[in-house]
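Engineer: Protein chains in written order, with our numbering: chain A, 1 to 362; chain B, 1 to 300.
For the record, the hints were derived by calculation from the structure and aren't laboratory data.
Treat the numbers as computed from the prediction; the structure is a model and nothing was measured.
Possibly wrong hints are sitting among the right ones.
As the list claims (entries may be wrong) - On the chain A side, residues computed to face chain B include the following (Cβ under 10 Å): (1) S5; (2) T7; (3) N206; (4) H209; (5) G213; (6) A215; (7) R220; (8) I224; (9) A226; (10) S228; (11) V229; (12) M239; (13) L303; (14) R305.
We treat Cβ as the ideally placed atom computed from N, Cα and C, and that holds for glycine.
Here's the letter readout for the chains.
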Amino acid sequence: MKKISKTTWSTISTYALVIVAFIAVQVLSGAGLISHSLQGQLVPICAYVCLAVSLNLVVGISGELSLGHAGFMSVGAFTGVIVAACLARAGVEAEVLIFAVSAVVGAVVAGVIGLIVGIPVMRLRGDYLAIVTLAFGEIIKNLLNIIYIGVDDAGLHFSMRDSASLGMEQGTIIINGPKGAVGIDKISTFVMGIVLVLITVAVVLNLVHSRSGRAIMAVRDNRIAAESVGINVTKYRLMAFAVASALAGAAGVLYAMNYSTIIPSQFDFNQSILILVYVVLGGMGNVRGSIIAAAFLTVLPELLRPINDYRMLLYAVVLILVMVVPHLKVYQRFVDMIRVRVLKRSAASEGAAAAEGGASHE
Amino acid sequence: MSKFSDFAKARREGTKMVPVPSVSIMPERDLGKAPALECLHLGIDFGGLKAVDDFNITVGKTEICGLIGPNGAGKTTVFNLLTKVYTPTRGTIMVDGHDTAGMGPARVNQLGVARTFQNIRLFNSLTVEENVQIGLHNRIRCGMVPGILRLPRYWKSEREFHEQALELLDFFGMADLAGHEAGSLPYGAQRRLEIVRALATGPKLLLLDEPAAGMNPSETAELMENIVKIRDQFQIAIMLIEHDMSLVMNICEGICVLNFGKIIAKGTPEEIQANPQVIEAYLGSGAQGGAGAPKGGEAA
Numbered sequence: 001m002k003k004i005s006k007t008t009w010s011t012i013s014t015y016a017l018v019i020v021a022f023i024a025v026q027v028l029s030g031a032g033l034i035s036h037s038l039q040g041q042l043v044p045i046c047a048y049v050c051l052a053v054s055l056n057l058v059v060g061i062s063g064e065l066s067l068g069h070a071g072f073m074s075v076g077a078f079t080g081v082i083v084a085a086c087l088a089r090a091g092v093e094a095e096v097l098i099f100a101v102s103a104v105v106g107a108v109v110a111g112v113i114g115l116i117v118g119i120p121v122m123r124l125r126g127d128y129l130a131i132v133t134l135a136f137g138e139i140i141k142n143l144l145n146i147i148y149i150g151v152d153d154a155g156l157h158f159s160m161r162d163s164a165s166l167g168m169e170q171g172t173i174i175i176n177g178p179k180g181a182v183g184i185d186k187i188s189t190f191v192m193g194i195v196l197v198l199i200t201v202a203v204v205l206n207l208v209h210s211r212s213g214r215a216i217m218a219v220r221d222n223r224i225a226a227e228s229v230g231i232n233v234t235k236y237r238l239m240a241f242a243v244a245s246a247l248a249g250a251a252g253v254l255y256a257m258n259y260s261t262i263i264p265s266q267f268d269f270n271q272s273i274l275i276l277v278y279v280v281l282g283g284m285g286n287v288r289g290s291i292i293a294a295a296f297l298t299v300l301p302e303l304l305r306p307i308n309d310y311r312m313l314l315y316a317v318v319l320i321l322v323m324v325v326p327h328l329k330v331y332q333r334f335v336d337m338i339r340v341r342v343l344k345r346s347a348a349s350e351g352a353a354a355a356e357g358g359a360s361h362e
Numbered sequence: 001m002s003k004f005s006d007f008a009k010a011r012r013e014g015t016k017m018v019p020v021p022s023v024s025i026m027p028e029r030d031l032g033k034a035p036a037l038e039c040l041h042l043g044i045d046f047g048g049l050k051a052v053d054d055f056n057i058t059v060g061k062t063e064i065c066g067l068i069g070p071n072g073a074g075k076t077t078v079f080n081l082l083t084k085v086y087t088p089t090r091g092t093i094m095v096d097g098h099d100t101a102g103m104g105p106a107r108v109n110q111l112g113v114a115r116t117f118q119n120i121r122l123f124n125s126l127t128v129e130e131n132v133q134i135g136l137h138n139r140i141r142c143g144m145v146p147g148i149l150r151l152p153r154y155w156k157s158e159r160e161f162h163e164q165a166l167e168l169l170d171f172f173g174m175a176d177l178a179g180h181e182a183g184s185l186p187y188g189a190q191r192r193l194e195i196v197r198a199l200a201t202g203p204k205l206l207l208l209d210e211p212a213a214g215m216n217p218s219e220t221a222e223l224m225e226n227i228v229k230i231r232d233q234f235q236i237a238i239m240l241i242e243h244d245m246s247l248v249m250n251i252c253e254g255i256c257v258l259n260f261g262k263i264i265a266k267g268t269p270e271e272i273q274a275n276p277q278v279i280e281a282y283l284g285s286g287a288q289g290g291a292g293a294p295k296g297g298e299a300a
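Just need the whole structure built from these sequences, with the hints factored in.
Structural biologist: Below, the structure written as structure tokens:
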């Protein structure tokens, strides 16, 4: 008799979606059906899915518009690169271990930065908050542009002038100002990516369905009412923001370790907007939607490669269609029709169950 | 002898006394016997307008107190002051013997003031049960980390959340609505849910802002029963703003009439009905004494 609730269903289906996608990709690539260029997109897809899901925590669950998500991603990415370089130098060889430690450190650093940024920013609301987060994203990017970090036997060297002033004899430069991080070990794999996606989804969903998550959603739905029942509004807005930053940091590590070079200007405003597009397209507060949207929109430009000249045009058209079609009367009527049919069927089966032995004759 | 040495002496002798910092005429009191609410010279200005001025009231621990007055008299403003949605310009608010000076809305709620709103403010996208669970927020503890990692503590707290929320909903006959979205409920049920949510915070003083607004007579009668039931069951003080005079006159033990931000009369329902100033406030100065007092059944 125990009925599975709607939220439990949506949680299970979200995890199932990720796992089924993983298995499908493994089977297809085993059969050699996935092109080489798409193969290269698998890790970025996972990273973007993590970013979209984490941004959804801020935009959808907490209801704040943040335009600086790429900034936290870059903090995680560069921190992860440094940690990985240090570990590699210290003689750690297990790639999974290096990645795990880098991801955790990257997440913690990005989370702390998110907390520090969040304390002043969370005094603002709405458009003002969006503008300030945008600015913070740019500040982080420009700070990374002038940072030089190298490592040698004496330890880490740090400079904000140029690579020569690091004062190293035979060390390696990890971060070289605007040239970014070079010589990264490409250790990210699709499996690591999927694991990170699962962890991100679990953190967000578990948070949402806990006492803290309810408080976050209460603040989103009605700030004054939330205060009137004793909820510390600032605390919970900050919590959502910091957790999302930490998750973006971990995704940044995954992203960085897929390339041999990353540069700070990759993590600009456009990147933040791209992540926001995934969230909006997937539906605010809808984790499953974010996953699908992020994966779909990352793959789409690759799929459109054969018509190279027009692919960005088509990309734009698809984006517009996805936004417009759900508001069309024809589409809505179609969806309603299907919904009514499904409801009728489930009602009929329930009715049959309720009637048990003595069914009515009509 | 200064106030603070008295306080120290009381500490030594083991009796709980609080000094009253902001208003000198208020006597020091025994916390155990403090009334649920005490306001002294409470007031707020909006620009040059004294929206509420010199508001003095004492509400006993299990008293039902009505706050009435013509439209724009400042009744809701008083509630907003008590819950710190507005910061008072002057005066003191004591809740259960504690001065609330400098506290925000959340802190005042934790001290024991819960309210409903004139225009319903529910968490519309969440279910009825979740709304009540949010009300229970400060009574059941479980941090962020146990929540994310799903530690045993999380499961234990969620069970408590579920049981207590259902128990409260059951008290108001709403248990079967637990899974519905709050925003989709009919109007009367939304009003009831707001009361349940406020009660879930474990208040000592419940503020109801026009609980009967938009209700038909039979719903109002049920509400009246419910209010008395809440007081008896939870042993709390209730203060209510209401225009439905039959409700106010029937269940309030004390009534306070507000006009142009000032208290013009305080007393029992009988005294208020006979008060010429109240009659004037409601009907204008031309009215004959006693003819149109806010009697039962008449909506002001």
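Engineer: A separate judgement is required for each hint: does it hold in the structure or not?
Structural biologist: How the hints compare with the structure:
Checking S5 of chain A against chain B by beta carbon gives a least distance of about 7 Å; that is within 10 Å, so the hint holds. With a cut of 10 Å, the hint placing T7 of chain A at the interface with chain B holds, because the nearest CB-to-CB distance is about 9 Å. For N206 of chain A, the interface hint holds, since its Cβ comes within 10 Å of a Cβ in chain B; the closest pair sits about 5 Å apart. Satisfaction of the interface hint for H209 of chain A is found here, the shortest Cβ-Cβ separation to chain B being roughly 8 Å, below the 10 Å cut-off.
Below 10 Å, beta-carbon pairs count as interface contacts, and G213 of chain A has one with chain B at about 7 Å; its hint therefore holds. The interface hint given for A215 of chain A holds, since its Cβ lies 6 Å from the closest Cβ of chain B, which is under the 10 Å cut-off. Checking R220 of chain A against chain B: minimum C-beta separation of about 8 Å stays under 10 Å; hint holds. The interface hint given for I224 of chain A holds, since its Cβ lies 6 Å from the closest Cβ of chain B, which is under the 10 Å cut-off.
At about 7 Å, the closest approach between the beta carbon of A226 of chain A and any beta carbon in chain B falls short of 10 Å, and the interface hint on this residue holds. At its closest, the beta carbon of S228 of chain A sits 6 Å from a beta carbon of chain B; the interface hint therefore holds under the 10 Å criterion. Hint status for V229 of chain A relative to chain B: holds, with the closest Cβ pair at about 5 Å, below 10 Å. Restraint check, M239 of chain A versus chain B: the minimum CB separation of about 6 Å is within 10 Å; hint holds.
With a cut of 10 Å, the hint placing L303 of chain A at the interface with chain B is violated, because the nearest CB-to-CB distance is about 35 Å. Interface hint at R305 of chain A: violated, since its Cβ lies 40 Å from the closest Cβ of chain B, which is beyond the 10 Å cut-off.
Hints 13 and 14 from the earlier list are contradicted by this structure; the remaining hints agree with it.
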